[in-house]
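Taking our numbering, the leading residue of the sequence shown gets 1, the next gets one more, and so forth.
The set of hints was computed from the structure by calculation and includes no laboratory data.
Among the hints, erroneous ones may be present.
What the hints assert, rightly or not - Distance windows between CB atoms, simulated:
id	residue 1	residue 2	range
1	Q293	L145	15 to 23 Å
2	G422	T456	27 to 35 Å
3	P378	K286	50 to 58 Å
4	R17	Q550	27 to 35 Å
Don't be surprised by glycine CBs; every beta carbon is placed ideally from N, CA and C.
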Amino acid sequence: MSCCLNPNCPKPHNPDRNNFCQACGTRLQSLRGRYRAKRLLSDEGGFGRTYLAEDTDKLHEHCVIKQLAPKVQDPKSLQIAKRHFEQEAKRLQYLGQHPQIPTLNAFFEDKGQLYLVQEFIVGETLDKLPESVAWNESQIVELLLDILPVLELIHDCAVIHRDLKPSNIIRRSTPQFTSGSIAARGGQFVLIDFGASKELAATVAKRDTIIGTLGYSPIEQMQWGEAYPASDMFSLGVTCFGLLTQVNPHALLLNHGYEWVQNWRQHLRKPLGKELDRVLAKMLQKDRHRRYQSAAEAYHALSPSTGKSGKGLIDLIGGFFHKQPPPPPEKQIPTAIVSKLGRGDYKTIGQAIASVSPGTRILVRPGIYREGVTIDKPLEIIGDGAREEIVIETGDSDCILMQTDYAVVQNLTLRGQAGVKGKKYFAVDIPKGELILEDCDITSDSLSCISIQGATSKPAIRRCRIHGSKEAGIFVYQNGQGTVDDCYIYDNYLAGVAIKEGGNPAVRQCRINRNKNYAVYVHSHSSATIENCDLSGNPQGAWFIHKSSQVRRRGNIE
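Turn these sequences into a full structure, and let the hints steer you where they fit.
As structure tokens, this is what we get:
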């Protein structure tokens, strides 16, 4: 079985032999060349989908892919979402060191979708138990004593789960042993599906999107979008109530609103012991201020004989977290604004580069900037507005010349116009360093749109439109390397990608169409990796590969 990753596909399941989805026609391929979706686990609508997948780099080990599918394409909203995504992923990566939280294996963006890849927990979610089997008191106490320390830990790291319910707690069926951390024992309860991923999707789609589940989430979360440690306490209390009584909290909420929590005991099959009754009663308060304000409070109320403080509780369950500090808060990046109209710090990009310190983020407002930009210090140059309205054009030099070890260029239109003046320049020239070039529209009426040359040049080019060159779209030579992902390379006079003199790029998931020559032209003594690309529609064909060169090819359309 193979699964389509189009978030709007009505029937995503396909036979393994299919290369394209039989329902929507989307190409079936592995994310990053290794994560292959096998089965749809859940569809969260506007929040995206969750898939069971396999990691082909780890002997087809099972993993879980969480796809966040933004419904809007506003650049500013997407930029905010990506930044938030990275922050939340770093938190989950840190927390995933604990055996009762799934390990985060990867987080990345692919074709406008955001992805988390997490450990697959072998076991059953608590909602899979037979409806007629109510939990007894000792089982509930065991659950609380196992889960409360984990909640205290995540709250201590400024993370709220936001969606605690039986389907988001798994009882691990087999032990797991991991290097450098506490071994997970069989039977241990594991928290899954943190609301952070849904919060991210809400950031993109709509600021007031509510995260949580009706019946399980408290009033402050469902009505006002607020979440606190005490909010997780309510959800855990409702989870325990449902397991004890087999009564559906959603139905109670629909019939009685949040007033049902005042009479929760009337649904019990038999009275509870004094300690558990007192703990659940405090968890199930409508007013969050009347609930436990921390998981540690609830833990010690349930098991007062431990005599541990809140911090000691974390030491008891996850002491290794104190040996390695949590990720530091994101540093404030110094920012400078370039505005053609004089409404920023500088009027030209060159002035900004000359004046700012290394590490600065330069935001470029809409306008046509007739200048060549030489990047000679580590910094970011980011278009602040619609890409087509932020233009760098020049006929006297390269639009972008990379002269430092690391830089980021995003969301710009780059027009190389040297041909008009009878001169020869690239639109983007990368003779050294790691240039992250993303979401740009790049043309050249002279030499190639992008030049990658020299053994120290290792750019990462993503989601760019590269077209209209009088030579190749991308020219890699003199041992140049780098990666090209998810780009559209078209209407260039020679090849879409030309490689010579020891060049060795990796080109993945690109469309390379309508170029006057071959899609990919590999001269002598060169190499390349070309994977999952559409190479159709080029008059000379998909490939020219010199017999002395080696090209790794996989999953391409020719």
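Here's how the hints hold up against the structure:
1. Q293 x L145: 15 to 23 Å: With a Cβ separation near 19 Å, Q293 and L145 satisfy 15 to 23 Å, so the hint holds.
2. G422 x T456: 27 to 35 Å: Holds, since G422 and T456 (Cβ atoms, about 31 Å apart) stay within the stated range.
3. P378 x K286: 50 to 58 Å: holds (53 Å)
4. R17 x Q550: 27 to 35 Å: holds (29 Å)
In summary, the structure agrees with every hint in the numbered list given earlier.
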